[in-house]
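Asker: Each chain, letter by letter, is given below.
Protein chains: 2
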Amino acid sequence: MEKDTVKIGLLGVGTIGGGVVALLKRNGIRINETINVNLVLGRVVDRDLSRLKTLGLSEDILATEASQVLDDPEIDIIIELIGGVEPARSYITRALENGKYVVTANKDLMATHGAELLALAREKNLNIFYEASVGGGIPLIRPLKHSLVADRVQRVIGIVNGTTNYIFTRMARDNLSFQEALSEAQKSGFAEADPTNDIAGLDAAYKLVILAGLVFGKKASLDQVYVQGIGGVTSEDIAYAREIGYVIKLLAIGEQMPEGLALRVHPTLVPQDHPLAAVWNEFNAICVEGEAVGQIMFYGRGAGAMPTATAVLADVAEAARCIKNQAAYGVIEKIAPETTYVPIGELSTRFYLRFLAEDRPGVFAVLANAFGDEQVSLDMVIQKRCVNNTAEIVLVTHMVREDAFQRAMDRVLSLPVIKPNPSIIRLLS
Amino acid sequence: MEKDTVKIGLLGVGTIGGGVVALLKRNGIRINETINVNLVLGRVVDRDLSRLKTLGLSEDILATEASQVLDDPEIDIIIELIGGVEPARSYITRALENGKYVVTANKDLMATHGAELLALAREKNLNIFYEASVGGGIPLIRPLKHSLVADRVQRVIGIVNGTTNYIFTRMARDNLSFQEALSEAQKSGFAEADPTNDIAGLDAAYKLVILAGLVFGKKASLDQVYVQGIGGVTSEDIAYAREIGYVIKLLAIGEQMPEGLALRVHPTLVPQDHPLAAVWNEFNAICVEGEAVGQIMFYGRGAGAMPTATAVLADVAEAARCIKNQAAYGVIEKIAPETTYVPIGELSTRFYLRFLAEDRPGVFAVLANAFGDEQVSLDMVIQKRCVNNTAEIVLVTHMVREDAFQRAMDRVLSLPVIKPNPSIIRLLS
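Going down the list, the protein sequences come from chains A and B. Here the working numbering is used: the first residue of the first sequence is 1, the next is one more, and so on. Here the working numbering is used: the first residue of the second sequence is 1, the next is one more, and so on.
Just so you know, these hints were derived from the structure itself, not from any lab. Some hints could be false.
Note: identical chains are not told apart, hence a pair may lie in one copy or across any two.
Said to hold, decoys possible - Computed list of lysine-lysine pairs in DSSO-like fashion (alpha-carbon distance at most 30 Å, straight line):
#1 K25 / K53
#2 K334 / K219
#3 K187 / K53
#4 K334 / K25
#5 K384 / K419
#6 K219 / K25
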């Protein structure tokens, strides 16, 4: 028994919702031909009726109440594009209970309640597709779910926030300060009026939680992610990084270690010949390291109405195929709640460190002792400028446990010859 | 009605086949859990019995005749890893006629007979999966088939041959000559003993034909692809390219133009900030430009037993899901035979040109006239070395039609002051 017509209900017609309607108009016939299903936009809901009316859709499918989609037995798939945790969570729960497939771009919701919603979908023999929640238009969730089924992922490393990548690009290429680059990002539409969540690394942390559920099958929450934003990175750091063969990126890193899962978001020095180092402007990229497949990377636009709409409609097409075949296509993430998380202090990494010190004899010896006592060994030392009796010193360590490094730093910063507020940035290794 | 056990027949246990057996042993239980199907290796066929015996498999599933897999009604999926056009083509045809799903890594076969085999699969309500035929372990075919269903691809640009990319990498990084780099590639296992198909661009052309069928739905053959190998590229070209901000890569480019489809493989100057410029060593990457999604890129290892085995087993998992649900999953490429192909002469591109000329007054004027008469305008002129009365001249043109440029070159090369055998390399734009 095949079902040849599949009805979609769309909740929320902001930027992405508008893109979905436009793309469906433009390519709907071709999509139907490809998947051999007749997709029909059955109802479109937004609280703002005037916004609905600008879409050029037939008036009789417009509605202002979510229940007109959620409780309509004719609707097979809901596309949730209202964002935020509530009421999106209640809506999706209700849709699943009413037997509907769900497509969502909702990063906050999938990061905080994805595991429980996917479990409900599994129980109902339905599915939730969320390709657009990470990496915008980049085909990522689907390939990770299906193409690596035979492999074990060891590490995932992503540039998953376009705003911060754009800011670092402008700082690196045009020698702008952080503040100047942020203003440019806002003017160009690559940063929101309130960019706090992006700058502080929270947006990236949410996406990392979603990726961890997907590739490691482990349910994490935001407080299991070590998060450091990009606010402390200066033009000087970017210039020094370049000099020693690195570029600075905000990375989200998830790693399956023998002791547990380690999740962290922080600015990172990336070697210039790493594929992530070539990701510029507002682009995103996610690098996955699998035991068998080795290193693979997915690259593209992490935001924008039309790129994101392609991801939403690819999910709709997949849901429609499931409905047509009356077959729950067989892959729903099982996300286990119980896992050990490795705190940042137990990880080992290399550090870049830049600070000011009084320019007088014996400073290096004092430094060397503080580091040596904590077994922190140095790979690189640069001291060039010396202004007003103050020396700028850049150090790069070998691999060292985070807690040992922090102890060494406490000691270094307690020395009266060392000025406070050093730049400390981890290296990718 | 669900089918919970799916039997696999494996044809050919060379490098990739060995990888498939090993990976299935290592991760089989996890794969079964993920797809909720019990995959069983039902029979393994190779002409070489001694090779079969090294696999550590139960003797009663080993066989030396393909018919023992193809005609066994218990086998649900065949994995064809024998390579080459015949007998693989006959085997796959027979498998489809016997109601089996097919997974193949066979690039030559899919490039030459993919369209007809996919049509037969469609007729039989089965499918052929060929993720491993292009880009080895990179998830590529599946995302292009499913994730861009709502978009129109305008151009696909790939580094799809690991051998040539490794050679260019060694030439660029270690200043090796072409011959030295080729020897290194052979020593490191990144080039075959007879590397002709790689060096001449034929391997890349086959892969481009497969990609064109997939993303443009157009059946092409090798003679519709303009192919130029990498043999003519010298260390000098690579050094000049670097100086003007480019790296040289062998690109496979497929483009949907208003006049038809243009397919070509040639060494290309790629701008240093293009994501393909950061693809080094034996890695592959495929850049896809979609109308809505913009630029996306897939990166990873294009060869190797284990990476390729992950792609083969992801295909097996997809076939198993189809069988379990007794549903032809609904997406089989429709590849139309009739299409207009745009010959290389009608394309417009920018050219890099390096040649030797007698160092005497008036040479530039003569050159300028030859180019000017064909409306070839120059973007860049470099002349540095002048040895034994001979000047080395490097020119970069603006966009120009290929045929006009060739006419200009014919004229330039007929000048007695110009030495024969210039380097001519196209730019990516």
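Asker: Does each hint fit the structure? Answer for all of them.
Answerer: Consistency of the hints with the structure:
| no. | hint | verdict |
| --- | --- | --- |
| 1 | K25 / K53 | within (15 Å within a copy, 58 Å between copies) |
| 2 | K334 / K219 | within (9 Å within a copy, 40 Å between copies) |
| 3 | K187 / K53 | within (28 Å within a copy, 66 Å between copies) |
| 4 | K334 / K25 | between (35 Å within a copy, 22 Å between copies) |
| 5 | K384 / K419 | within (17 Å within a copy, 50 Å between copies) |
| 6 | K219 / K25 | between (38 Å within a copy, 27 Å between copies) |
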